[in-house]
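Participant: First to last, the sequence lines map onto chains A and B.
Heads up: the first sequence at position 536 corresponds to 569 in my numbering, and the numbers run straight through without jumps.
Heads up: the second sequence at position 49 corresponds to 89 in my numbering, and the numbers run straight through without jumps.
Errors might be hidden in some of the hints.
[Stated by the list, open to error] Only part of the chain B face toward chain A is listed, based on derived beta-carbon distances under 8 Å:
1) 57
2) 60
3) 64
4) 75
5) 154
6) 156
7) 162
8) 165
9) 169
10) 188
11) 190
12) 192
[Stated by the list, open to error] Every beta carbon over 10 Å from chain B, so not counted as near; a handful from chain A, in silico:
13) 132
14) 468
15) 615
[As the list claims (entries may be wrong)] Label-pair restraints from in silico Cβ distances:
16) 35/A to 197/B: 29 to 39 Å
17) 58/B to 102/A: 16 to 26 Å
18) 374/A to 69/B: 54 to 64 Å
19) 140/B to 399/A: 44 to 54 Å
20) 66/B to 508/A: 19 to 29 Å
21) 60/A to 140/B: 15 to 25 Å
22) 111/A to 150/B: 45 to 55 Å
Everything labelled a hint here was simulated from the structure, so no lab data went into it.
By construction, the Cβ of each residue, glycine as well, lies at the ideal position given by its N, Cα and C atoms.
Each chain, written out:
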Amino acid sequence: MAPAMRGVLWGLVAFFVFNAATLAVDPSAESPYASQVSVTVGWFAAMIAYLLGIGGLEAVARPMFGLSDTWREAPGWRRYFGFSTDHKVVGLQYMLASAGGFLVAGLVAMAMRYQLMTPYLTIFGSTSDYLTAVGIHGTIMMFSVATVFMVGGLGNYLVPLMIGTNRTVFPKLSGLSVWLVPFGILTVALSPLLGGFTTGWRGYQPLAGSDTNGILFYYLGIVALTTSSFMVALNLTTTIIFRRAPGVTWNRLPMFAWGILTVSLLNLIWLPEIQITYLMNLAERLVPLNLFNANGSPAMYLDLFWLFGHPEVYIVVVPALAVWNEILPVMGKKSLFARPVAVLGLVFVMLLSGLVWAHHMFTNIRATEQLPFSFFTEMISIPTGFAYLAAIGTLWRSRLQVNTPTLLVLMSMFNFLIGGLTGLFLADVPINYQIHNTFWVVGHFHYTIIGGMVFSSLAAMYYWLPKFSGRMFNEFWGKFGAIWIFIAFNATFGNFFVLGLRGMNRWVPVYPGYLVPENVWTSIAAFVLGAGFLFHAAHLWWAWYRGEKADENPWGARTLEWQTSSPTPEVNFSRPPIVAANFYSYGDDAPPVLWAGDASHAD
Amino acid sequence: MALDTYDPSEESSLASRRGGLGILLAAQAVIPVVLISVRFLLASESVGPVNQVLGVLAAVLGLVAAYLGIQARGAASRGERAGYDSLLGWAVASAVLSIALLIVQWIAFYGTGTSPGSPYGEVFYVMSGTWLMYLLIAAFVLFAARVRGRRVAYGPDNYWDVEAATLFMSFVSLVGVVTYLFLYLI
Ligand code: HEM
Chain A
34 MAPAMRGVLW GLVAFFVFNA ATLAVDPSAE SPYASQVSVT VGWFAAMIAY LLGIGGLEAV
94 ARPMFGLSDT WREAPGWRRY FGFSTDHKVV GLQYMLASAG GFLVAGLVAM AMRYQLMTPY
154 LTIFGSTSDY LTAVGIHGTI MMFSVATVFM VGGLGNYLVP LMIGTNRTVF PKLSGLSVWL
214 VPFGILTVAL SPLLGGFTTG WRGYQPLAGS DTNGILFYYL GIVALTTSSF MVALNLTTTI
274 IFRRAPGVTW NRLPMFAWGI LTVSLLNLIW LPEIQITYLM NLAERLVPLN LFNANGSPAM
334 YLDLFWLFGH PEVYIVVVPA LAVWNEILPV MGKKSLFARP VAVLGLVFVM LLSGLVWAHH
394 MFTNIRATEQ LPFSFFTEMI SIPTGFAYLA AIGTLWRSRL QVNTPTLLVL MSMFNFLIGG
454 LTGLFLADVP INYQIHNTFW VVGHFHYTII GGMVFSSLAA MYYWLPKFSG RMFNEFWGKF
514 GAIWIFIAFN ATFGNFFVLG LRGMNRWVPV YPGYLVPENV WTSIAAFVLG AGFLFHAAHL
574 WWAWYRGEKA DENPWGARTL EWQTSSPTPE VNFSRPPIVA ANFYSYGDDA PPVLWAGDAS
634 HAD
Chain B
41 MALDTYDPSE ESSLASRRGG LGILLAAQAV IPVVLISVRF LLASESVGPV NQVLGVLAAV
101 LGLVAAYLGI QARGAASRGE RAGYDSLLGW AVASAVLSIA LLIVQWIAFY GTGTSPGSPY
161 GEVFYVMSGT WLMYLLIAAF VLFAARVRGR RVAYGPDNYW DVEAATLFMS FVSLVGVVTY
221 LFLYLI
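Construct the complete structure from the given sequences, taking the supplied hints into account.
Facilitator: What follows is the structure in structure tokens.
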């Protein structure tokens, strides 16, 4: 049996056994089939059994107790359906799991947009059902796509290659962690089985307190997804610190590795913070306690949530900023402009991101508290601007090859700029009072997340496709798809600003009739956008298997992942590469990256 | 196929694992910090009807478990099989006893009639519950290190499992002390 199947089976059995056993002793059981406590206990048991089933039993549990590691990875494509210690397999598993999350949450978004074409309820039975959809969409997108695709996916695959090592420090940890992603996605997506939840992705209290039991699956799903991201952060941080090949000094560390390092540090600090917050929420419900409800302190929950929630958005976007500066020097064949400034930009974004959380709560805090948060929020645009500075400086007078990855990077820069500028309006308290809770906000963050992170992820997929698969995409269809989603994206989310200014609230499926025409064509644009993403997925899938064979280093890049054959061989480097020069110096006089005499190509 | 044709030396590999564990523990320190803030925000400086003796004993037993673990690490690095086996056994026993005392404290606290939903009640259960959760994990990893040590002899080149379990226990013992201070005293 395929390990993934075995994991699912064991998980299901464990769930039913532990659910039933807990139910037998739980005095608070509200139904003969399940109680809040029994579902929670069953869920934790299922998670452990599932991880053991996908290969954790043989590869982790047995050796932990001194027995031999009897795990054998299946050959060929089947190895992607089980536990693996190869960072490349794990990276691709993360990308696939995250793409699965994108599909699920994207379909939910389509349903939401379909609902919003009419000012009264159509496909959703009640407003709570609509809110459940918003919550599932937001939660899966944030915790399994936005923070996972680039860090867990591209990070696991590329960072070890980029720093010249063959494996990560804790390969078994990431071999397990990736399997928490589908588990978490499924948990959140199944919350309607327990009644759904109306709080959106933020789980706001005291609303959560009056929700049905569906909120349990929101908490538990996030526990699984954040645990996965925490493990990635731990593994990649340690790997970057300890496993750099000779010559990959801090000064030479590739931009993307810097991006992953900075967000991993953020993850290491803020994920435990939100995890304990969610565990407190869980206890609040199960015991019950009064930590955050009307008898406790709902405002404290808001603070605890946004303390994590705001750094979270930088966790999403910093790797994207790094990808721009990874791709542009290569495509422009021009040395990266002001590299130290670009690195400092990433680091300062990281540092400042912990100081701005209360700007999400301007309507809940005192005027004296608003000023510093407004100030820091506006300040953070400065280090963000450093990424633009480096990118624009690099573009300046370069011989830019405008191919699909470049085009997507340029589009991402444009979109993110709009996201940033509209954020400045929100950072301004008097304006915030007017547009708070409207579609302006929804437009703003979709511009930063889709515009910044999703466009850059696509750029990265096209750029590194020859590395992953040894094949090349079709330039025409790549550009065609890029232009398609660029137009559809701006038509959809640009219109969110207009809707917001005209009074369209968030979280409402029922709205005044005068907003119907605007909503109808926003939804049509959204469907076109959804189809555009599917088009890219299909194109990339096709290119992966049927695309033309690519050269080993088709872009003439200097970073280490391109100094080994494409697709990446089983053993990344047969000898440690010895790096002798900067990765981002282009031009005729640029010294070779590898120390002369070093042939690190895999045999 | 083996993934490494150039394996980092055993020494650097150990250094990276130690570093990684250090990073893990530093990150976990965020959790007590959050809990302490929550404690003061919700219950200010009030202290409920807790049993000081039980609290002190639970914290001290955590420290004892960590100390025994450190000794076991030394014995493992010297390959003294009987030594590390019994030290690890005692370390597990101390951790389990600490857990038992916390459970007794829970029962005693509940018996005082303090509602779990009162300000001190909720911070009590949340903070001591977190302490308990950490202790359970620490007892489990110490136990696993001991069982492993019976099958795979630890020696100068192979004692990472004991070291990791011990470092984790040391962290947990500090969590215990901090929790005791902020929950029972201040
Ligand atoms: C296919 C493109 C997408 C469309 C059409 C779309 C549409 C929407 C809409 C209409 C809402 C607001 C619903 C309301 O407040 O009534 C929303 C909320 C949200 N979306 Fe998207 N979205 C898309 C993709 C994404 C992506 C890629 C992400 C992140 C990676 C994302 C993250 C969120 C979040 C976090 C919320 C807030 C949920 C909440 O209020 O709790 N969305 N989306």
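Participant: Identify every previously stated hint that the structure contradicts and give their numbers, smallest first.
Facilitator: 5, 18 and 20
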